[in-house]
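Residue numbers (the numbering used here), protein chains in the order written: chain Y, 141 to 536; chain S, 141 to 536.
Fair warning: there could be bad hints in the mix.
The list treats identical chains as interchangeable, and a pair is accepted whether it falls inside one copy or across any two copies.
[To be verified] Calculated pairs, DMTMM-like style, for lysine to aspartate or glutamate (alpha carbon to alpha carbon, straight line, at most 20 angstroms):
#: 1; residue 1: Lys283; residue 2: Glu450
#: 2; residue 1: Lys287; residue 2: Glu415
#: 3; residue 1: Lys192; residue 2: Glu321
#: 4; residue 1: Lys192; residue 2: Glu205
#: 5; residue 1: Lys380; residue 2: Glu205
#: 6; residue 1: Lys174; residue 2: Asp489
#: 7; residue 1: Lys392; residue 2: Asp423
Simulated from the structure, these hints should not be mistaken for laboratory data.
Read off the chains here:
2 protein chains.
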Amino acid sequence: MLRLFPFNSTRFLSRGLKNTCSNSFQHKDLIIRKTEKRFPKPKNTADVPFGKIYSDHLLNVDWVEGKGWGKPEIRPFEGFQLHPAAKVLHSSLELFEGAKAYYGIDGKIRIFRPQLNMERMRRSAERCAFPDFDAKEAVKLLKELVKMDSDWVPRCAGSSLYLRPTMIGTEPTLGLAESKEVKLFMICSPVGQNYFKSEGTGVRLLADTSFVRSWPGGVGSYKMGCNYAPTIYVQQLAAKRDCHQVMWLQGKEQLVTEAGAMNLFMFWKNEQGEEELITAPLDTGLLLPGITRRSILELAREWGEFKVSERSFTMADVVKAIDENRVYEFFSSGTAAVVGGISEIQYVDRSIGVDRTLRLPTMASKHKVMQRMYDTITGIQYGRIQKDGWAEIVEL
Amino acid sequence: MLRLFPFNSTRFLSRGLKNTCSNSFQHKDLIIRKTEKRFPKPKNTADVPFGKIYSDHLLNVDWVEGKGWGKPEIRPFEGFQLHPAAKVLHSSLELFEGAKAYYGIDGKIRIFRPQLNMERMRRSAERCAFPDFDAKEAVKLLKELVKMDSDWVPRCAGSSLYLRPTMIGTEPTLGLAESKEVKLFMICSPVGQNYFKSEGTGVRLLADTSFVRSWPGGVGSYKMGCNYAPTIYVQQLAAKRDCHQVMWLQGKEQLVTEAGAMNLFMFWKNEQGEEELITAPLDTGLLLPGITRRSILELAREWGEFKVSERSFTMADVVKAIDENRVYEFFSSGTAAVVGGISEIQYVDRSIGVDRTLRLPTMASKHKVMQRMYDTITGIQYGRIQKDGWAEIVEL
Numbered sequence: 141m142l143r144l145f146p147f148n149s150t151r152f153l154s155r156g157l158k159n160t161c162s163n164s165f166q167h168k169d170l171i172i173r174k175t176e177k178r179f180p181k182p183k184n185t186a187d188v189p190f191g192k193i194y195s196d197h198l199l200n201v202d203w204v205e206g207k208g209w210g211k212p213e214i215r216p217f218e219g220f221q222l223h224p225a226a227k228v229l230h231s232s233l234e235l236f237e238g239a240k241a242y243y244g245i246d247g248k249i250r251i252f253r254p255q256l257n258m259e260r261m262r263r264s265a266e267r268c269a270f271p272d273f274d275a276k277e278a279v280k281l282l283k284e285l286v287k288m289d290s291d292w293v294p295r296c297a298g299s300s301l302y303l304r305p306t307m308i309g310t311e312p313t314l315g316l317a318e319s320k321e322v323k324l325f326m327i328c329s330p331v332g333q334n335y336f337k338s339e340g341t342g343v344r345l346l347a348d349t350s351f352v353r354s355w356p357g358g359v360g361s362y363k364m365g366c367n368y369a370p371t372i373y374v375q376q377l378a379a380k381r382d383c384h385q386v387m388w389l390q391g392k393e394q395l396v397t398e399a400g401a402m403n404l405f406m407f408w409k410n411e412q413g414e415e416e417l418i419t420a421p422l423d424t425g426l427l428l429p430g431i432t433r434r435s436i437l438e439l440a441r442e443w444g445e446f447k448v449s450e451r452s453f454t455m456a457d458v459v460k461a462i463d464e465n466r467v468y469e470f471f472s473s474g475t476a477a478v479v480g481g482i483s484e485i486q487y488v489d490r491s492i493g494v495d496r497t498l499r500l501p502t503m504a505s506k507h508k509v510m511q512r513m514y515d516t517i518t519g520i521q522y523g524r525i526q527k528d529g530w531a532e533i534v535e536l
Numbered sequence: 141m142l143r144l145f146p147f148n149s150t151r152f153l154s155r156g157l158k159n160t161c162s163n164s165f166q167h168k169d170l171i172i173r174k175t176e177k178r179f180p181k182p183k184n185t186a187d188v189p190f191g192k193i194y195s196d197h198l199l200n201v202d203w204v205e206g207k208g209w210g211k212p213e214i215r216p217f218e219g220f221q222l223h224p225a226a227k228v229l230h231s232s233l234e235l236f237e238g239a240k241a242y243y244g245i246d247g248k249i250r251i252f253r254p255q256l257n258m259e260r261m262r263r264s265a266e267r268c269a270f271p272d273f274d275a276k277e278a279v280k281l282l283k284e285l286v287k288m289d290s291d292w293v294p295r296c297a298g299s300s301l302y303l304r305p306t307m308i309g310t311e312p313t314l315g316l317a318e319s320k321e322v323k324l325f326m327i328c329s330p331v332g333q334n335y336f337k338s339e340g341t342g343v344r345l346l347a348d349t350s351f352v353r354s355w356p357g358g359v360g361s362y363k364m365g366c367n368y369a370p371t372i373y374v375q376q377l378a379a380k381r382d383c384h385q386v387m388w389l390q391g392k393e394q395l396v397t398e399a400g401a402m403n404l405f406m407f408w409k410n411e412q413g414e415e416e417l418i419t420a421p422l423d424t425g426l427l428l429p430g431i432t433r434r435s436i437l438e439l440a441r442e443w444g445e446f447k448v449s450e451r452s453f454t455m456a457d458v459v460k461a462i463d464e465n466r467v468y469e470f471f472s473s474g475t476a477a478v479v480g481g482i483s484e485i486q487y488v489d490r491s492i493g494v495d496r497t498l499r500l501p502t503m504a505s506k507h508k509v510m511q512r513m514y515d516t517i518t519g520i521q522y523g524r525i526q527k528d529g530w531a532e533i534v535e536l
């Protein structure tokens, strides 16, 4: 497979290879300006939809070419005044991260592996021609923000405070060039339990080969805003077919890549008769290097109970395995939903007149790989399970 | 070639096929709020760089799901208050257009084919899951804005007032979904003569196969902001090699597509010994349907002096033709620069160790196809040449 993608564009990037950045903003410079009017909090977070309510404060730090980073500031949550020609509004110079803070059974607040988010953010920033920063300093600032709005971390089981670090190009010029002014900000949003309204019955995916999310030589492996705009229209087509999400296939081979907001895993009996947990590899540059994805792979390898593979697999592999009853579980992973069982794939290939509904036995699986992953990861997130370095406590 | 791209995603879209939209904003509802403090104008527009100065007013019209379009308003140029979770800042729900107003030799102000911009904008809006509007009403509003700021249309030869209609998703929610709030705005920027600082000597392009702009099943044929963010980093690599722009190749075949801000034309003697003006076709969905591109094709077909082709051609075709001295002119087309002669292509294919500088005789061509195109199109734009429907006069 790999020879089809000889140019993994990641090899041109250097950030994340080195761990420090000498010209970063610094946590020690943090300015805090407390709000005077606090927003009302939702009564029952379990029912709060994803990303619609925000906490009292945000973190902001601006960068200007020649001057460097300014002082980070935690300030009342309010709108930004943006110039109508700001680059983010025209050439999509923007990137984001997604993390979560959890209220643990011991009353402590934890963020799940935030250092990985900030390292990924540096990598996205390089591809966006944005300035570098020190990931450790960014994590400290994120923790300060969560500390400031700690009463926004829902106490309700399964709920959490979603954290959205973002960078945007704010220079007010229309030419196609790098942004000489950049804003980094972080906002917090309390979220309920279910990213999808599909609890128990599983998620349905539309895999329509007419639409392609990423490609060799593109930016599919960076968390840049530009990867998402083209998916909304296709998402609407999926919704018309009563699907929750799109499953993105790539190339003539119809490689299984990811689901836009989530990575994809299959637990199956492979062609060699082995039990295997498989997910698409990162070296193609076609999919986002998810932090939940990485955590699942690390846990599965620690368990050592079955084969764990990061390698390309195709829609044909999936169809054949379903037809031969060799697929046990097919599930997604991501910060928003942790893991989500997939119950159905609507596979559409207009070039050969295929429109087929594939049913998956995920929700009834006796192997419970997905369920154990969910229990382990949420266990770490809510402090029921200890795992060194995976859950950073926010000191209050 | 075409069988490689059986799924031109344009076929799923309907806007632009029908000419009207019953739920549009209306020019008759226009509200005008004049500025009280006017900005200083540049003394000599010829030296003004692209997209850095803006006129006194902007046009704004907002849409909300369920309510529809509000009343369009021309108002003092000022920043927007945007919610930090506005969809445009996270999932790049944004698109734009580029047009120009010209001060003619007869003292009249003309906009070049604005109806085509607005039809293209409707098409981009559909792909962004944005609401539809009536292109004719949008043209009327654009003209009103130019009329309001008519003293910003530079009098200086070769200069013009660049017009930037834009749509952004403003709904303040983080979920990956369509924006239930949308802002359409138009801003104006006086611009000098030269988009590139290369007058006379020609533009140099970097064609590096490691980076790919668009792909079958993607949105390369829509003027969405998301197409541009991934190009900035590559543009910086090009600048390091003293190139002005990137020439984007696609696929294993290395199809010549476009140059990011511009379409590409080659005037050559083809393999059959015919003089031919060739440009990449639109039905692959890989390139932007430029209005200058379309105008050049229409003019060339009217002239009837040589073969005019919209068909795929490859980098190998170009290299072979250069080696056999069959390329007469290679040039770009776009609103910003009209046409721009290309003097050099730095062709890099790391997979086979190629790094070759290809020199093009464009600037010394005796055929002067590009020069005649420039003279004709700018002649129409500045009122020296009459061509029905190509230059809409702004009534003052």
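Status of each hint after checking the structure:
no., hint, result
1, Lys283 x Glu450, "neither (32 angstroms within a copy, 56 angstroms between copies)"
2, Lys287 x Glu415, "neither (44 angstroms within a copy, 71 angstroms between copies)"
3, Lys192 x Glu321, "between (28 angstroms within a copy, 14 angstroms between copies)"
4, Lys192 x Glu205, "between (33 angstroms within a copy, 16 angstroms between copies)"
5, Lys380 x Glu205, "between (46 angstroms within a copy, 18 angstroms between copies)"
6, Lys174 x Asp489, "neither (55 angstroms within a copy, 55 angstroms between copies)"
7, Lys392 x Asp423, "both (18 angstroms within a copy, 19 angstroms between copies)"
Of the numbered hints stated above, those contradicted by the structure are hints 1, 2 and 6, listed in ascending order.
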